[in-house]
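Could you put the whole structure together from the sequences, leaning on the hints where they help?
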Amino acid sequence: MKLSAVLRVSVRKCCKKLSARSRAWLSFPQKKSFDRERLSNNMKASWYAEALYRALQGEKVISEGDSKKVFVRFKKVISARGHDRLLPLIGREFEKIITRENKNNEVVLITADSKSKSKWMHAYDHYKKEKIIPKGSVCREVVDESIIGGFQIRTKDTLIDGTYKKSLVELYRKITS
58 MKLSAVLRVS
68 VRKCCKKLSA
78 RSRAWLSFPQ
88 KKSFDRERLS
98 NNMKASWYAE
108 ALYRALQGEK
118 VISEGDSKKV
128 FVRFKKVISA
138 RGHDRLLPLI
148 GREFEKIITR
158 ENKNNEVVLI
168 TADSKSKSKW
178 MHAYDHYKKE
188 KIIPKGSVCR
198 EVVDESIIGG
208 FQIRTKDTLI
218 DGTYKKSLVE
228 LYRKITS
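Start counting the sequence shown at 58; every next residue gets the next number (our numbering).
The reader is advised that the hints may include incorrect statements.
[Claimed, not checked] Straight line, CA to CA, 30 angstroms or less: simulated BS3-like cross-link-like pairs of lysine-lysine:
1. 192 - 125
2. 153 - 172
3. 186 - 160
4. 188 - 174
5. 172 - 117
In short, the hints are calculated from the structure, not lab data. Nothing here was measured: the structure is a model prediction, and the numbers come from that model.
So, in structure tokens, the structure goes:
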């Protein structure tokens, strides 16, 4: 988490340091083809932001110094291609990517009361060891009294339901049918 915070600050600083030429271009009066050009620039910015994010997530980036090297190299590539004016857009797209990735890496552990959180953390640890829960995910604990007891683990695409409510509903259906 510290690395992503450092990257956000670095991207913001870089985007604030626009050249005078880039500022002049951004304040250029709009013309008919401006919408098409702006759309193209937004697409390029999102591609650049995605490339920067993937480069910073690579295996070779271990420390903060490595991420700074990647970022410096990224700025050189942007400048060499003449896309300095895209830096503010890249910064915004980078923020969106980080927000999206953090949302996707969230795991919710739902328990019936606050006392049983520690009781069911062993289930969370078990599923993490079995790699059902993604590596690097963030656990958010929620109390939901409607589940009566047990636990639920929710990820982006997985639901592990070990609640008493589910068992009681299934038992009720078997008895009444």
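Here is how each hint holds up against the structure:
Of the pairs offered as hints, the one joining residue 192 and residue 125 holds, with about 24 angstroms between alpha carbons and a cut-off of 30 angstroms not exceeded. For the hint pairing residue 153 with residue 172, the CA-to-CA distance comes to about 36 angstroms; that exceeds 30 angstroms, so the pair is violated. With a C-alpha separation of about 21 angstroms, the suggested pair residue 186 and residue 160 falls inside the 30 angstroms cut-off, and the hint holds. A C-alpha spacing of about 21 angstroms is found between residue 188 and residue 174, which places the hinted pair at or below 30 angstroms, so the restraint holds.
Straight-line distance between C-alpha atoms of residue 172 and residue 117 comes to about 42 angstroms, which puts the hinted pair past the 30 angstroms bound.
Of the numbered hints given earlier, the model fails hints 2, 5; all others are met.
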